[in-house]
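Protein chains in written order, with the working numbering: chain A, 57 to 274; chain B, 57 to 274; chain C, 271 to 503; chain D, 271 to 503.
Hints are computed from structural coordinates only; laboratory data are not their basis.
Do not take every clue at face value.
As the list claims (entries may be wrong) - Part of the chain B face toward chain D, derived, beta carbon under 8 Å:
#, residue
1, Q70
2, E71
3, G220
4, G239
Stated by the list, open to error - Straight-line Cα separation of at most 27 Å, DSSO-like style, residue types lysine-lysine; simulated pairs:
#, chain 1, residue 1, chain 2, residue 2
5, D, K454, D, K429
6, D, K429, C, K410
7, A, K242, A, K180
8, A, K180, A, K256
9, B, K212, B, K61
10, C, K402, A, K173
11, D, K454, B, K212
12, C, K429, C, K439
13, C, K429, A, K180
14, A, K61, C, K439
The C-beta atom is built at its ideal place from N, Cα and C for all residues, glycine as well.
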Amino acid sequence: MALDKIGIAQRIAQELRDGWYVNLGIGIPTLVANYIPEGVNVEFQSENGILGMGPFPFEGEEDADLINAGKQTITNLPGAVYFDSATSFAMIRGQHVQLTVLGAMEVAQNGDIANWKIPNRMVKGMGGAMDLVASADNIIVAMMHTNKKGESKMLKECTLPLTGVGCVKRVVTNLAVLDIVEGGFKLIERAPGVSVDEIKNATEGNLIIEGEIPEMSL
Amino acid sequence: MALDKIGIAQRIAQELRDGWYVNLGIGIPTLVANYIPEGVNVEFQSENGILGMGPFPFEGEEDADLINAGKQTITNLPGAVYFDSATSFAMIRGQHVQLTVLGAMEVAQNGDIANWKIPNRMVKGMGGAMDLVASADNIIVAMMHTNKKGESKMLKECTLPLTGVGCVKRVVTNLAVLDIVEGGFKLIERAPGVSVDEIKNATEGNLIIEGEIPEMSL
Amino acid sequence: MINKVVANAKEATQGVESGMTMMFGGFGLCGIPENVIQAVVASGVNQLTCISNNAGVDDFGLGFMLQTKQIKKMIASYVGENDEFERQMLSGELEVDLIPQGSLAERCRAGGAGIPAFFTPAGFGTEVAEGKEVREYNGKPHILETALTADFAFVKAWKGDEAGNLVFKGTARNFNPMMAMAGKTTVAEVEELVPAGELDPNEIHTPGIFVQRIFKGETFEKRIEQRTVRAKQ
Amino acid sequence: MINKVVANAKEATQGVESGMTMMFGGFGLCGIPENVIQAVVASGVNQLTCISNNAGVDDFGLGFMLQTKQIKKMIASYVGENDEFERQMLSGELEVDLIPQGSLAERCRAGGAGIPAFFTPAGFGTEVAEGKEVREYNGKPHILETALTADFAFVKAWKGDEAGNLVFKGTARNFNPMMAMAGKTTVAEVEELVPAGELDPNEIHTPGIFVQRIFKGETFEKRIEQRTVRAKQ
Numbered sequence: 057m058a059l060d061k062i063g064i065a066q067r068i069a070q071e072l073r074d075g076w077y078v079n080l081g082i083g084i085p086t087l088v089a090n091y092i093p094e095g096v097n098v099e100f101q102s103e104n105g106i107l108g109m110g111p112f113p114f115e116g117e118e119d120a121d122l123i124n125a126g127k128q129t130i131t132n133l134p135g136a137v138y139f140d141s142a143t144s145f146a147m148i149r150g151q152h153v154q155l156t157v158l159g160a161m162e163v164a165q166n167g168d169i170a171n172w173k174i175p176n177r178m179v180k181g182m183g184g185a186m187d188l189v190a191s192a193d194n195i196i197v198a199m200m201h202t203n204k205k206g207e208s209k210m211l212k213e214c215t216l217p218l219t220g221v222g223c224v225k226r227v228v229t230n231l232a233v234l235d236i237v238e239g240g241f242k243l244i245e246r247a248p249g250v251s252v253d254e255i256k257n258a259t260e261g262n263l264i265i266e267g268e269i270p271e272m273s274l
Numbered sequence: 057m058a059l060d061k062i063g064i065a066q067r068i069a070q071e072l073r074d075g076w077y078v079n080l081g082i083g084i085p086t087l088v089a090n091y092i093p094e095g096v097n098v099e100f101q102s103e104n105g106i107l108g109m110g111p112f113p114f115e116g117e118e119d120a121d122l123i124n125a126g127k128q129t130i131t132n133l134p135g136a137v138y139f140d141s142a143t144s145f146a147m148i149r150g151q152h153v154q155l156t157v158l159g160a161m162e163v164a165q166n167g168d169i170a171n172w173k174i175p176n177r178m179v180k181g182m183g184g185a186m187d188l189v190a191s192a193d194n195i196i197v198a199m200m201h202t203n204k205k206g207e208s209k210m211l212k213e214c215t216l217p218l219t220g221v222g223c224v225k226r227v228v229t230n231l232a233v234l235d236i237v238e239g240g241f242k243l244i245e246r247a248p249g250v251s252v253d254e255i256k257n258a259t260e261g262n263l264i265i266e267g268e269i270p271e272m273s274l
Numbered sequence: 271m272i273n274k275v276v277a278n279a280k281e282a283t284q285g286v287e288s289g290m291t292m293m294f295g296g297f298g299l300c301g302i303p304e305n306v307i308q309a310v311v312a313s314g315v316n317q318l319t320c321i322s323n324n325a326g327v328d329d330f331g332l333g334f335m336l337q338t339k340q341i342k343k344m345i346a347s348y349v350g351e352n353d354e355f356e357r358q359m360l361s362g363e364l365e366v367d368l369i370p371q372g373s374l375a376e377r378c379r380a381g382g383a384g385i386p387a388f389f390t391p392a393g394f395g396t397e398v399a400e401g402k403e404v405r406e407y408n409g410k411p412h413i414l415e416t417a418l419t420a421d422f423a424f425v426k427a428w429k430g431d432e433a434g435n436l437v438f439k440g441t442a443r444n445f446n447p448m449m450a451m452a453g454k455t456t457v458a459e460v461e462e463l464v465p466a467g468e469l470d471p472n473e474i475h476t477p478g479i480f481v482q483r484i485f486k487g488e489t490f491e492k493r494i495e496q497r498t499v500r501a502k503q
Numbered sequence: 271m272i273n274k275v276v277a278n279a280k281e282a283t284q285g286v287e288s289g290m291t292m293m294f295g296g297f298g299l300c301g302i303p304e305n306v307i308q309a310v311v312a313s314g315v316n317q318l319t320c321i322s323n324n325a326g327v328d329d330f331g332l333g334f335m336l337q338t339k340q341i342k343k344m345i346a347s348y349v350g351e352n353d354e355f356e357r358q359m360l361s362g363e364l365e366v367d368l369i370p371q372g373s374l375a376e377r378c379r380a381g382g383a384g385i386p387a388f389f390t391p392a393g394f395g396t397e398v399a400e401g402k403e404v405r406e407y408n409g410k411p412h413i414l415e416t417a418l419t420a421d422f423a424f425v426k427a428w429k430g431d432e433a434g435n436l437v438f439k440g441t442a443r444n445f446n447p448m449m450a451m452a453g454k455t456t457v458a459e460v461e462e463l464v465p466a467g468e469l470d471p472n473e474i475h476t477p478g479i480f481v482q483r484i485f486k487g488e489t490f491e492k493r494i495e496q497r498t499v500r501a502k503q
């Protein structure tokens with residue numbers, strides 16, 4: 057069965073390593089913070105100016121001066137620190153953040169990503185995404201494998217305006233874990249109960265299948 | 057009679073205007089802070105990271121963590137602030153400092169200044185001087201008109217490695233106040249009792265003398 | 271000490287003119303200069319170029335100035351919370367320059383710091399890079415971005431003193447410090463205005479040299495955009 | 271919280287090797303990492319490239335490492351307080367790259383911030399500009415300067431917590447924050463080491479993300495270079 061958003065977040069949480077600073081984008085990526093593996097210490101950076109982000113506040117304890125990049129009220133953990141936007145992107149651009157997790161509308165088999173604009177229809181802006189994808193060494197995209205019409209979002213080439221070129225390393229979707237390698241999307245894991253054929257049918261870009269493909273364990 | 061260092065500082069202090077932020081270099085410029093005209097509020101910046109610099113501390117109250125760019129122990133005034141070196145030079149380069157006063161070994165009639173190196177003999181380094189002279193709109197040099205051998209330091213062209221090009225606006229020496237204008241050093245004021253001829257003899261660069269030259273009033 | 275105190279938002283915005291470029295601090299509705307925005311609306315100036323990470327929501331923040339059509343051009347990184355904005359942009363009434371958030375922050379800092387241009391990897395290979403110089407460093411392509419400055423920079427701080435020194439709270443700091451650096455005239459509105467000498471000089475975020483006018487804001491609504499909470503256990 | 275605490279200067283300097291590039295915070299003798307300098311001297315590594323605004327005095331700070339001839343090349347802005355330095359430089363034993371103080375600070379910040387190069391007016395028309403690209407902005411020539419980074423950055427703070435967050439005191443801040451950003455491994459020695467959560471997150475100067483190791487310095491002499499005082503009235 058295909059994963060839901062929580063399943064995608066749980067799978068991505070397995071990628072976290074002890075001692076990492078991690079930037080989580082809006083949407084599914086935000087949920088990753090709820091599934092940190094035992095014994096793994098990570099700190100979450102939000103690009104609007106906090107390191108050491110904690111959970112949502114208890115009702116009545118919201119502080120208008122303490123939000124994340126999704127404009128949600130948050131709290132801080134011991135060891136947290138606030139800083140300005142230039143310092144925040146100095147951390148990102150200077151590669152002090154070890155992992156970036158973000159959503160996408162499209163990913164191409166060469167690692168291109170599009171997630172900020174649909175010409176003449178929707179223009180929300182790139183926010184910090186262009187800085188994040190151009191800077192980070194380790195970028196994981198969290199997304200649905202297909203759109204609402206069932207069309208693949210794993211493409212040979214992106215059709216929408218790009219956010220970054222050749223930067224995505226791994227994609228975790230409701231169907232699979234895919235790595236971007238020379239030649240296309242390499243299938244790493246299947247969602248529980250999802251067949252290789254289902255993934256093949258949902259992938260427009262070149263899908264590389266080598267040997268037995270294991271099921272994710274969540 | 058030619059001015060002493062205190063006289064030069066007193067004359068330069070007359071240039072201060074209410075509301076200015078001022079950077080004073082090491083040596084004679086430092087003394088300017090002692091002669092701020094009545095009713096004029098200025099704040100002194102020291103490029104190692106303080107705005108709102110106060111006088112030397114009382115004996116026994118020195119703090120190793122509170123020095124000026126000359127490495128002297130200082131105090132702070134109400135409204136003072138400490139900052140890092142990048143922010144400090146952001147203030148300087150970004151032209152937030154209205155006046156820079158510094159010393160020089162040589163000044164040329166086109167506004168060039170040399171004050172950081174004597175090849176094969178003395179190399180102390182430029183410190184913040186190159187940033188200051190390249191950035192400030194308003195640069196006053198405080199110096200002796202001649203060297204110990206009596207040779208002019210007001211030259212047609214600098215002989216020493218430059219600190220900045222075409223940047224000096226005004227020079228206050230032990231003999232005169234000179235402005236850098238098209239064509240050379242324009243004589244603005246004489247030190248008390250110093251004749252125009254004395255100044256002419258001490259100036260190698262082109263000296264422009266128009267009309268009666270007033271004496272400084274200190 | 272150089273005293274920067276003015277009475278109120280109206281006095282603080284003296285000299286704003288149609289056609290000017292203005293920076294507004296804040297991220298979403300967090301840390302925005304609420305009182306100044308009201309004063310700029312009241313002033314009636316228009317044809318403004320506004321630089322701000324976001325454009326407010328329909329009925330708060332810069333959204334007010336969109337309703338009154340005072341803004342000719344918007345320079346921002348994310349504008350997804352504002353229907354009127356989207357309408358004006360898609361209809362062509364509003365010029366929009368969307369730029370990466372980190373480049374926006376760094377370009378403001380550069381403007382204040384006398385750095386006219388710098389290289390950044392952000393935006394290479396995208397629309398953002400169109401017409402910009404590309405150069406490779408450390409095996410990676412970078413684009414040349416230029417500094418941003420403004421006729422007025424409007425920022426909001428938690429505390430400030432008479433000398434214009436500012437302290438921010440939490441994530442309300444965001445773009446305010448860099449924009450303070452980049453304004454020809456920088457105006458700070460603060461929740462608490464104290465005499466010079468009351469702030470610890472070690473704890474000041476924005477030195478007063480960057481601030482030309484400071485005042486205690488008349489009211490602060492400090493609206494929350496996404497109120498997310500968890501239940502008390 | 272990611273714990274960065276190590277026991278002492280010796281442990282904090284594990285991994286230093288001959289031929290490495292090292293940054294040392296401080297301005298004159300103010301805010302220098304005294305304990306780390308002793309540990310680097312004791313380690314015996316040599317052929318070092320050292321980046322520091324100054325080079326200490328003959329018998330303190332980086333002066334120790336000049337006496338032991340561990341430094342092959344010095345990158346600094348002002349070295350006027352050190353006879354042994356001048357001797358080694360004029361004799362050609364020591365390579366020296368003197369650069370403007372503001373460019374030094376900005377180049378370190380750029381190194382930490384992923385900005386590979388930027389334009390500055392400082393040094394145009396001087397030796398410093400030799401071989402560098404010149405471009406005019408706002409009618410004024412600027413030169414292109416590149417980022418500086420280091421294998422190790424050694425900084426000194428007043429207070430720090432287990433997560434590596436740092437607070438500086440007075441003008442001992444100087445180059446420390448930018449160098450902390452620019453080190454592949456950044457080591458902070460502090461006078462006071464507190465548990466995570468004890469520092470106000472609003473008052474931290476250097477976020478712990480820039481610091482890989484932190485320890486409480488064994489001793490701090492904090493020598494004063496120019497003791498200037500006035501008499502009590």
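Hints, verified against the model:
The restraint placing Q70 of chain B at the interface with chain D is violated, with a minimum CB-CB distance near 24 Å, outside the 8 Å limit. Annotation: E71 of chain B was flagged as interfacial toward chain D, and the flag is violated, the nearest CB pair being 23 Å apart, outside 8 Å. For G220 of chain B, the suggested interface contact is upheld, since its CB lies about 7 Å from the closest CB of chain D, less than 8 Å. A distance limit of 8 Å between C-beta atoms decides the matter here; for G239 of chain B the minimum to chain D is near 20 Å, and the interface restraint is violated.
For the hint linking K454 of chain D to K429 of chain D, the alpha-carbon distance of about 22 Å falls within 27 Å, and the restraint holds. Taking the CA atoms of K429 of chain D and K410 of chain C, the gap is about 37 Å. The hint is violated against a cut of 27 Å. For the proposed pair K242 of chain A and K180 of chain A, the alpha carbon gap of about 31 Å is over 27 Å, so the pair is violated. Restraint check for K180 of chain A and K256 of chain A: the C-alpha separation of about 32 Å exceeds 27 Å, so the hint is violated.
Simply put, K212 of chain B and K61 of chain B have alpha-carbon atoms about 25 Å apart, close enough for the 27 Å limit, and the pair holds. For a cut-off of 27 Å, the pair hint linking K402 of chain C to K173 of chain A stands: about 20 Å separates their Cα positions. Taking the CA atoms of K454 of chain D and K212 of chain B, the gap is near 48 Å; set against the 27 Å cutoff, the hint is violated. A C-alpha spacing of about 8 Å is found between K429 of chain C and K439 of chain C, which places the hinted pair at or below 27 Å, so the restraint holds.
With a CA separation close to 33 Å, the supplied pair K429 of chain C and K180 of chain A exceeds the 27 Å bound. A threshold of 27 Å between alpha carbons decides the hint, and for K61 of chain A with K439 of chain C the separation of about 33 Å lies outside it, so the pair is violated.
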